[in-house]
Amino acid sequence: MRTVRDIAVVAFGQTDHRRTSDELSEVEMLLPVLHDVLDRTGLQTSDIGFTCSGSTDYLAGRAFSFTMALDGVGAWPPISESHVEMDGAWALYEAWTKLLTGDADTALVYAYGKSSPGSVRDVLTRQLDPYYVAPLWPDSVALAALQAQALIDAGETDELALASVAARSRSSATANSHAQLRGSVPQGDYLVRPLRTGDCPPIGDGAAAVILAAGDRARELCERPAWIRGIDHRIEAHSLGVRDLTDSPSTRLAAERAGAFERPVDTAELHAPFTSQEVVLRKALRLDDSVRINPSGGALAANPVMAAGLIRIGEAAARVHRGESDRALAHATSGPCLQQNLVAVLEGDAR
Amino acid sequence: MSKEPVAVVGIGQTKHVAARRDVSIAGLVREAAQRALEDAELTWADIDAVVIGKAPDFFEGVMMPELYLADALGAVGKPMLRVHTAGSVGGSTALVSTNLVAGRVHGTVLTLAYEKQSESNAMWGLSLPIPFQQPLLAGAGGFFAPHVRAYMRRTGAPDTVGSLVAYKDRRNALKNPYAHLHEHDITLEKVQASPMLWDPIRYSETCPSSDGACAMILTDRAGAARSPRPPAWMHGGAMRSEPTLFAGKDCVSPQAGKDCAADVYRQAGIADPRREIDAVEMYVPFSWYEPMWLENLGFADEGEGWKLTEAGVTELEGDLPVNMSGGVLSTNPIGASGMIRFAEAALQVRGQAGEHQVDGARRVLGHAYGGGSQFFSMWLVGAEPPAS
Amino acid sequence: MPEVLKAPLVVEFPFTRSLGPVQSAFLTGLRERVVLGVRTTDGRTLVPPVEYDPVTADEIRDLVEVAPTGTVTTWAWNHEPRRGQPLGTPFAWVLVKLDGADTALLHALDAPGPDAVRTGMRVRVRWATERSGAITDIACFEPYDGAPGELTGHDGRFGDMVTGIVAPARLDYVYSPGRAQSAYIASLSERRTVGERCPSCRKVYVPPKGACPTCGVATSEQVEVGPRGTVTTYCIVNIKAKNLDIEVPYVYAHIALDGAGLALHGRIGGIPYDEVRMGLRVEPVWSEGGRHPDHYRPTGEPDADYETYKEML
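Chains as they are written, first to last, in our numbering: chain A, 279 to 629; chain B, 35 to 422; chain C, 6 to 318.
Derived by calculation from the structure, the hints in this document are not laboratory data. Even for Gly, the Cβ is constructed at its ideal location relative to N, Cα and C. A hint or two may mislead.
[What the hints assert, rightly or not] With a straight-line Cα cutoff of 25 Å, these simulated DMTMM-like cross-link-like pairs (lysine to aspartate or glutamate) come out: (1) LYS341/B with GLU310/B; (2) LYS208/C with ASP308/C; (3) LYS292/B with GLU312/C; (4) LYS102/C with ASP284/A.
[Claimed, not checked] Going by beta-carbon spacing under 10 Å, a handful of chain A positions derived as facing chain B: (5) THR329; (6) VAL351; (7) ILE357; (8) LEU402; (9) VAL411; (10) TRP415; (11) ILE430; (12) ALA432; (13) LEU438; (14) ASN454; (15) SER462; (16) ILE481; (17) THR524; (18) PRO527.
Using the sequences and the hints, build the whole thing.
Below you can see the structure in the form of structure tokens.
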């Protein structure tokens with residue numbers, strides 16, 4: 279993928295992800311994370327060229343909730359700003375396009391989600407076809423379970439293999455102080471068969487922020503910027519009944535367009551809230567055992583809805599910053615059973 | 035490194051009405067998108083990406099509806115983005131799409147905004163209960179009326195100005211086949227005799243609640259060269275935001291609006307907007323916002339906006355026509371209202387506005403705002419490609 | 006840390022959805038116990054019928070009948086049904102490819118247990134006793150051991166077409182306002198209005214949000230403001246809103262409490278509505294058990310000079 283400007287992730291911050299944060303409003307939860315990424319770069323709000331966020335009103339039941347979150351940014355004097363009703367990974371994508379135009383050299387991207395006020399399994403049913411599907415209230419775990427069974431029927435996985443994905447993720451998360459589920463977590467009973475509680479993400483609240491910068495600005499702000507070599511996203515048909523649930527053609531296409539297959543990556547942060555979805559993604563992204571998958575623990579260790587995709591990009595970038603990765607893939611998803619997928623390829627300069 | 039110029043080569047709207055009972059949500063957006071494609075003489079396969087916007091998801095009770103609408107908008111296998119910046123969203127959605135072209139990510143983009151308000155009730159959607167907060171109001175009129183009173187106090191504008199705007203916009207709407215309200219028997223007396231809802235705002239000075247969608251096809255120079263009809267070229271575009279409420283906020287003439295306009299004029303090389311801009315489609319949901327925005331956007335000095343309205347300058351035949359389409363006062367599918375402003379501005383410079391065409395319109399401003407007068411998005415389009 | 010405030014928040018609305026021709030025919034068909042699909046331009050049959058081809062984006066309207074019997078393509082056992090789901094007893098979610106269809110329909114399968122369900126099993130529609138033209142006219146699927154069901158020969162044209170559905174949706178939340186607003190609410194219960202001062206710009210925010218919106222920093226220093234204040238601007242509300250127990254006309258005002266950096270919103274009483282004016286000096290009137298001041302009334306002081314509050318408009 280060739281772009282007109284080199285753009286990098288230069289800072290990443292996130293909250294500790296917890297089952298509930300009811301002592302904090304959304305802006306109170308978000309504020310420390312915004313300060314964290316600004317502090318890491320030494321930037322102030324007034325230095326930021328563009329700001330973009332991702333969130334959804336439905337999660338906490340508050341219309342226009344993003345307008346209240348803006349109070350944490352310090353939007354004065356007025357700022358160039360936008361919002362997507364999508365995971366923050368797509369807010370990062372919008373910011374990336376803004377930087378490409380040359381209108382801005384730096385961007386602040388943030389996302390937050392509080393699942394604790396509602397029942398996220400039921401809330402997500404409101405994403406579904408409002409005529410034929412939403413009236414049946416099929417919850418997000420049920421839909422993922424249909425996908426998992428399709429994978430088992432196709433011989434692509436089994437319950438034991440899924441359990442090992444869960445165990446590996448939570449074991450990796452022991453090194454991630456922000457994670458909600460860490461270490462040895464029982465695989466548990468069926469939630470919706472064939473998925474057990476261990477196959478499903480924890481429900482919780484959290485926020486994350488990233489700073490992007492272009493060209494030399496990135497080198498000034500970060501010792502080892504995580505250059506976005508490519509980023510692309512694709513959507514599939516909405517109805518589960520017209521899709522092959524064992525595959526993710528949109529992920530594969532996004533990865534191709536992002537240049538992911540041009541050279542192997544050493545690390546991949548995959549936004550797979552369910553163990554079975556990691557199976558689908560590994561296949562679509564052609565990731566073999568040489569690739570370190572979800573060293574952060576992934577969405578199985580912490581899944582603040584609307585921020586979890588941005589966190590994948592942030593975690594991948596942070597490994598590049600720390601010199602733990604030279605070429606990392608980050609993935610984000612949205613919609614039932616991986617309907618929409620984003621892939622970014624991040625690289626560090628040669629050491 | 036310079037930006038790729040961005041052209042509008044296709045525009046489509048639905049006939050806006052109170053309730054489109056004959057179509058699904060998908061059917062509504064599809065109709066606008068199809069018309070934009072036909073205008074550009076393109077097919078679904080020519081579209082590289084789709085950017086969609088709407089106001090709160092609670093309005094239709096569909097969370098992140100772009101997921102369900104992917105099929106109807108031919109987005110399967112393509113990138114699809116969903117923007118939400120409150121009332122300014124229609125404008126912001128268009129601007130996000132222009133970045134894709136200007137940054138050379140994609141060649142041709144479909145951008146679309148909609149609201150199907152008949153699925154629920156705008157009053158409900160805008161006034162969800164919030165525990166521990168004292169319910170004092172419902173709907174937007176009461177929220178904005180105190181700001182109108184502040185404007186009147188600040189400028190000494192006579193209290194008839196609001197009715198002049200409403201009378202003008204409703205007459206303009208009669209020349210726009212897509213407008214929601216077609217009040218053939220409208221008179222100034224009727225506007226002035228309509229009930230006072232949120233004093234100083236009268237019923238006839240408020241916007242309706244509509245079902246509608248608006249779509250545009252944006253493309254690069256190569257795409258514009260293939261366009262069967264004259265394109266509209268973007269000469270400047272910007273978004274600005276400020277907090278909802280803060281100490282020192284000017285609710286009458288917010289700084290974010292001034293800064294946004296200044297950025298657009300800078301990009302477009304406009305030194306004197308009053309002389310160099312031929313017409314404006316601005317977001318006026320309550321009639322008094324016309325004189326307020328005339329000042330905020332730099333078309334009049336502070337305190338003088340109402341004089342332009344009163345002198346007839348903003349009439350269709352005036353020196354600076356405002357809301358030739360009939361504006362938000364005549365058509366308000368909330369999420370789409372901003373994009374309709376942008377699209378109507380483009381129609382004018384393409385010379386395709388039909389009966390509400392301003393003769394010789396070469397440079398026209400499209401404007402949208404939202405939230406507590408805090409989110410602004412604007413673009414300036416021209417008949418000629420931008421000088422680079 | 007003080008106790009966290011919480012309250013239930015119910016978001017509920019009966020959405021009225023118009024259907025368009027294809028969905029209208031499908032749901033009317035269900036009412037008449039006929040299952041319709043739609044044929045794509047390349048000859049596939051999609052069930053349930055969608056309005057736009059997911060592959061080609063074509064608008065498609067060519068309705069064809071398919072059988073009420075079919076084959077399970079995947080399933081998931083739901084041992085704990087949730088509110089609104091098709092069955093109240095444990096059931097399987099299934100994707101079913103109906104005989105004659107090329108795509109699968111999502112619904113519930115009534116089966117005795119997970120051991121009775123497998124991919125590839127044959128099922129048939131169990132019709133709801135009372136049908137209105139909705140996806141729930143299919144009560145669920147049930148195991149079926151037989152040949153493809155008979156077609157009725159229907160062409161999708163019905164008298165009395167269903168053109169819309171009402172889709173009630175209720176979501177229950179527990180709302181908590183966070184630290185700063187909880188403290189504000191707690192002080193109100195002592196009939197005091199306490200804001201927070203920004204450590205950077207020194208402005209006092211009432212109600213406090215926990216962050217200074219212009220400086221983007223956390224606020225914590227508590228400052229009592231008022232009780233008196235000045236009406237900066239207002240409107241007279243003449244229309245009665247549903248669920249709002251206030252007699253019209255009434256005055257909705259922006260009130261800058263003495264010491265506050267910006268105005269809050271309240272109702273003005275104790276004075277005829279048409280005598281309220283900008284600059285009026287007011288004070289809160291509390292009602293027994295009310296969480297907020299019921300309204301603000303004139304103090305009798307001279308009106309504030311416009312110059313003293315014009316920056317708060």
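Structure-based check of each hint:
Pair hint LYS341/B plus GLU310/B holds up; C-alpha atoms about 19 Å apart against a cutoff of 25 Å. For the suggested pair LYS208/C and ASP308/C, the alpha carbons sit about 24 Å apart, so the restraint of at most 25 Å is met. Of the supplied pair hints, the one linking LYS292/B and GLU312/C holds, its CA atoms being roughly 23 Å apart against a limit of 25 Å. Annotation: proposed proximity of LYS102/C to ASP284/A is violated, straight-line Cα distance about 48 Å (limit 25 Å).
Against a cut-off of 10 Å between C-beta atoms, the interface hint on THR329/A holds, since the closest Cβ of chain B lies about 8 Å away. With a cut of 10 Å, the hint placing VAL351/A at the interface with chain B holds, because the nearest CB-to-CB distance is about 8 Å. Proximity of ILE357/A to chain B holds as hinted, the smallest CB-CB distance being about 6 Å (cut-off 10 Å). Taking 10 Å as the C-beta contact cut-off toward chain B, the hint placing LEU402/A at the interface holds, the least distance being around 7 Å.
Of the supplied interface hints, the one on VAL411/A holds, with its beta-carbon coming within about 9 Å of a beta-carbon of chain B, less than 10 Å. Look at TRP415/A: its Cβ only gets to about 13 Å from chain B, farther than 10 Å, so that hint breaks. The interface hint given for ILE430/A is violated, since its Cβ lies 26 Å from the closest Cβ of chain B, which is over the 10 Å cut-off. Evaluation of the ALA432/A hint against chain B yields a violated restraint, the C-beta minimum of about 22 Å exceeding 10 Å.
The restraint placing LEU438/A at the interface with chain B is violated, with a minimum CB-CB distance near 32 Å, outside the 10 Å limit. Hint status for ASN454/A: violated, given a least beta-carbon distance of 28 Å to chain B, over 10 Å. Taking 10 Å as the C-beta contact cut-off toward chain B, the hint placing SER462/A at the interface is violated, the least distance being around 35 Å. The beta carbon of ILE481/A comes no nearer than 17 Å to any beta carbon in chain B, farther than 10 Å, and the hint placing it at the interface is violated.
For the restraint placing THR524/A at the interface with chain B, the shortest Cβ-Cβ distance is roughly 18 Å, beyond the 10 Å limit, so the hint is violated. For PRO527/A, the interface hint holds, the least distance from its beta-carbon to any beta-carbon of chain B being 8 Å, beneath 10 Å.
Of the numbered hints given earlier, the model fails hints 4, 10, 11, 12, 13, 14, 15, 16 and 17; all others are met.
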